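Undergrad: Here's the letter readout for the chains.
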Amino acid sequence: MTPGTVIQEVQAPASAPAPTVAMCRHHFPLLRQWVNGKPLIYLDNAATSQKPQVVIDAMMRYYQEENSNIHRGVHFLSERATEAYEDVRRKVKVFVNAGHEREVIFVRGTTEGINLVAGTHGRTTVRAGDEILVSAMEHHSNIVPWQMLCEERQARLRVIPMNDRGELELEEYARLLNPRTKIVAITHVSNALGTINPVREMIAMAHERGIPVLVDGAQAVPHLAVDVRALDADFYAFSAHKMFGPTGVGILYGKTALLEAMPPYQGGGDMIRSVTFERTIYNDLPHKFEAGTPNIGGAIGLGAAIDYLQQVGINAVQSFEHELLAYATEQVQTIPGLRIIGTAVAKASVLSFVMEGIHPHDIGTILDHEGIAVRTGHHCAQPVMQRFGVPATARASFAFYNTKEEVDALVRALHKVIEVLS
Amino acid sequence: MSSLRELYQEVILDHNRSPRNFRTMEDASRTVEGYNPLCGDHYTVYVKVEDGRIKDVSFTGAGCAISKASASVMSAMMKGKTLEEADVLYRSFHRLVKGEGAEGDAVGKLAAFAGVSEFPARVKCASLAWHTLHSALQEDAGGRVTTE
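Residue numbers (this note's numbering), protein chains in the order written: chain A, 1 to 422; chain B, 1 to 148.
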């Protein structure tokens, strides 16, 4: 694909009326099952979302009818697979409003996207004494890659603090930005608290000082409309499996100028233009960052998930989930001794809580017995647990296929937790 | 509900509410930390050994009902045991929570933990303190045990 080629844009979805959201539940075959003699209530969507039939079918069709390696053969199937794969790149471009499809890199998931940036952009720009700024609510995947880089480069990892509601302290953030800061890495939506961070404002603050910003969008893309250009994000990473697509594939968006300046992440096939034993010339974007045969079937599934999400309508999803979270927040507060961890004004789809005298692990087991799947533990965000002085939390996280009736069942089951353990 | 009651038996709930030997020990011969990174359960087990016999066991820390009750029952049962007897009890407990049957002392006093074998995700909770004590009793034990 030569740069500048005009590509037919995927038609913008018509704004779906809200009632369609509640009618989508039957698209998810897994949700029809029973667990421990009760209908499954799946409230672990922040860990991974369920997949609609159209995503499962698209992947199956790919393996049944189109499976072939891409960017290699001249034969019919290879061209078809290549076209299908590159078509998903164009869908992603439209989905997050990237400037060009060369800015859309296929990776294994958010974690690999962040590691890619830390290992390439980070290693070429961070020197001894420099600083990398992350927030207090990051997932381990947006802490550890930077910590590893800091260790290698004798740089310093600094942390934007948050208040007791789980909101980042922007005045402190402004003070932390300084000439030694080489990159800011922040989450768009917190997986442990649900906080929606004001990333647009935070990016603007960093840009005033010429500092690039990476946004971890794993928890944002399934719940709210993301426009990377409106945010002016330099890098934006997310995973397909949290947005109703398959595991093992994700996206790193990066601005062209930054991506072009970065060395390759991994060496191998597809990322080269020519190889001799003396010298290798690297391929152009985006292929420079896609060494080896990628997860083609996964990418096809991601494409189907984007089509699906656009059909449902992300704005309709957002308003439905907002209402569901508000309802759940209100209802769980009727449980004696329950404390919500993460009470930011702007929140998405996550209800983290602790119960007095009851360990989250016991809550998880008893809820499971009622057919309710929640996550218990530290949610790969141990510093968040430390900040709130709890060893772990129980977390109910919602998707648009959840219902108020399921929230009611959760509340009944939480009463049962108290009954069993008292 | 029936299997839930098997897991959260009265004995377990009682030991969770009022754990025995839940204290630090200034003159312990060994102190080892046990940690389950999966759920954040974190205990310190103290043991005093004299003439090849466990004179005292205590623990501090925090975790779920299963892990705390298990630590409490263990501390009560291990007191007075020789190192050999402690080893036998440790192995017996393991067989019990893995659903492989138990023998000797374990059959009676530890019977409450048999229900754990029905909940594979909770076997680590029940075993944490036991692993930690076992490690404390090894000559070359490090200072920290994790379940991972």
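A couple of the hints might just be wrong.
Stated by the list, open to error - Stretch-level coverage of chain B by chain A, calculated; a stretch enters the list once three of its residues show a Cβ under 8 Å from a Cβ in chain A: (1) 38-48; (2) 56-64; (3) 90-99; (4) 120-132.
FYI, nobody ran anything at the bench for these hints, they're computed from the structure.
None of the values given here were measured: they were computed from a predicted structure.
We treat Cβ as the ideally placed atom computed from N, Cα and C, and that holds for glycine.
Undergrad: Hint by hint, note whether the structure agrees.
TA: Evaluation of the provided hints:
{"no.": "1", "hint": "38-48", "result": "holds (count 5)"}
{"no.": "2", "hint": "56-64", "result": "holds (count 3)"}
{"no.": "3", "hint": "90-99", "result": "violated (count 0)"}
{"no.": "4", "hint": "120-132", "result": "holds (count 3)"}
Taken one by one, the earlier hints fail for this structure only at number 3.
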